[in-house]
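Line order of the protein sequences matches chains A and B.
Numbering follows the working numbering, with no gaps: position 156 of the first sequence is 156.
Numbering follows the working numbering, with no gaps: position 168 of the second sequence is 168.
Hints in this document: simulated from the structure, not taken from any laboratory.
Any given hint might turn out to be false.
To be verified - One side only, chain A facing chain B, incomplete, derived with CB under 8 Å:
1. E106
2. P150
3. A153
Even for Gly, the Cβ is constructed at its ideal location relative to N, Cα and C.
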Amino acid sequence: MKKVLIILLISGITFFSTAGFLASASLLTAYTSKINYATGLGYRFLNRTITWDDNEYSSSVKASLLTAQFSFSTDYGVTLTPLVGVVFQNFDHLVFRQLPLSVELEVGNMSGWVFGGNLSWQAIDYSGIGGGLKGEFLYILGTTNNWSIPGLAVEGKLTGKPTWWEARVGPLVTLTSLDNFTPFLWTGYSPWRGNFSLEETIESLNRTEEKELQGKSHIFITLGSVFNISAFRAKLGVDFYPGKDGLDMGATLQILYSF
Amino acid sequence: MKKRYLFLITGLILTLLVSFIYSNQEFLRKRPDLIRQAEMVTTPRSLNEGHPWRPRSFSAKTDHLLVKFKPNLSPQVVATTLDSYRVREYKRIPRLNIYRVKVPTGLSVEEAVLVFQQNPDVLYAEPDYKAHIAITPNDTFFKYQYALYNSGQEIGIPGSPRGKSRADIKATESWEETTGQEDVVIAVIDTGIDFEHPDLKNKIYSTGYDFANNDPDPTDDHGHGTHVAGIAAAETNNEEGIAGVAWKCKILPLKVMDANGEGYYAWMIDAIVYATDNGADVINFSLGGDQPSKSLEDALAYAYERDVVVVAAAGNENAPVLYPAAYDAYCLAVTATDYNDIRPEWTNHGPEVDVAAPGVRILSCVPTWYWGPNSLPYGYGYGTSMATPHVAGLVALIKSIKPWLRVNEIMDIIRYTADDINAANYPGKDDFIGYGRINMEKALVPIKIK
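Could you build the full structure based on these sequences and the hints that come with them?
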């Protein structure tokens, strides 16, 4: 599992972040001599059901991601958007039972960093309906947090750090016939994987639990629209993650300025 | 080019198809209108607060909701609204303006919650869950076992003193987490056991051994061992008798005391080795001597190195801690408290004392011959001998859910989760109750970190 995560992490970051800038140049020039640039801010809220301990238990991760985004697009419909930002994430009700003393997190928001980006390609535009593919990868590196364990006869502390990633990939359908207003439907496969490392220290007692987490739903549907107002482009979307036991939801807001 | 278009369109159709098959087919089939409503929600949120509708969430089989309407709505408007949902039964909880609503016919609880949540006049809607008290066994005499759950009840027959509420080891809360595993074994090294006792006969791991008489029949001819075994692991929730601390764990009886309650160290040493080599996870020593013994210490080390936890009584003479309890490196030394969380003066004391547990007026099993015919085989016991099996039971429960823990870790868990009940006079670890009276809830149930 760790190997897969590391491979995906390295490939994701390589593809979407700093190296993505360089790669984008050669990729884009292969299609066109003109590249359109845009930059702006994005906000995303996600709330996904996660499972752990071999799917025996479940809880949820709630995260707010505030990102700076840099977009490169060509006349051939290829758009690359690396992003970087901060995340506030909530893993409440995650229970660690492998430690000497079992603990349940109710600590509220934890901060962290988000790296990643997305790549889309509108391949066709026929009778006002566009079709293409879009992929997105986000890697979240949580900061290290310390908490004390209440109610013990001696002092005890916990040190925890979450890391996780989410990918979304699938076909993108747009309605291109409307002026300054482009509704879209994006759907497909969306894995979510994470790890929460928690170290418990109570005098001489010391153990660390590495909790492997995964998203309960593996598919997503995003409905939204892009609004073009002069040089500004705003995108609003609502995300759905349907699963056998329920429906998770989230939302995306992005505002870019083209130059 | 045509092939490319065909490929893309086919891919899109297939993806959409798979997406909807994976989603809740039954839910969609019954109420497609609910999905349409959900798509129109602009505030990002997850249904059921992001939690899947697991059976546990609705395990209480509720058929009611709690719905809070906006405060400016009159009862007449609310009544009209509820009527539009075909709600036949409801009741208003005054002051809070919350309505307890029976789920309309044809809707599941989940669907009804969703329907009400879409109404702009509703502040929130949620299932009317059923609460339950912590697990309480149905054993006839459980009400007298203040050590396990002390409600401040009379601790015996009418007219008996009342205990202080929650001066107990928080057993009922911990049983939510575990009641033990059948493959976890408590060796009771004592006067033997009554194999015919109704609360013990189904709890025997193996017939054990009688080292006092050197034969394979450790039948109790004294009564002490049967009482101790019952506290640790009497058959529980069987609608008779008492409850044990470790409901499902088994007992390995080893007799090292004769009918007079005396025995040689050599018999104890034999029993420690036998228990260690024959599947014991925890050894209960509700006995001891006032003389140290290197051989006894070596036997304890033998058990310790094989991850067998030894729990031993401190003694009842208001004197230094007895052996083997005084071998601090290898034993958890247990002293006694009473129904008010106060240490009796007769308990032994010293730096070796690790923890305390109730040991005053403890109801447990006695041999079926003890009171004679037509009497119930139960009785009250006093002493650190009675406190010790409470701790042994807790060790067995920890071993049941965390078999990977080492012996020193289990000992530390029990020490560090104890309640420092004499903190007013002796804050921190002291010579009288050690770290404090054990708290099973803290030792077993996940602690909430805020």
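Consistency of the hints with the structure:
{"no.": "1", "hint": "E106", "result": "5 Å, holds"}
{"no.": "2", "hint": "P150", "result": "7 Å, holds"}
{"no.": "3", "hint": "A153", "result": "4 Å, holds"}
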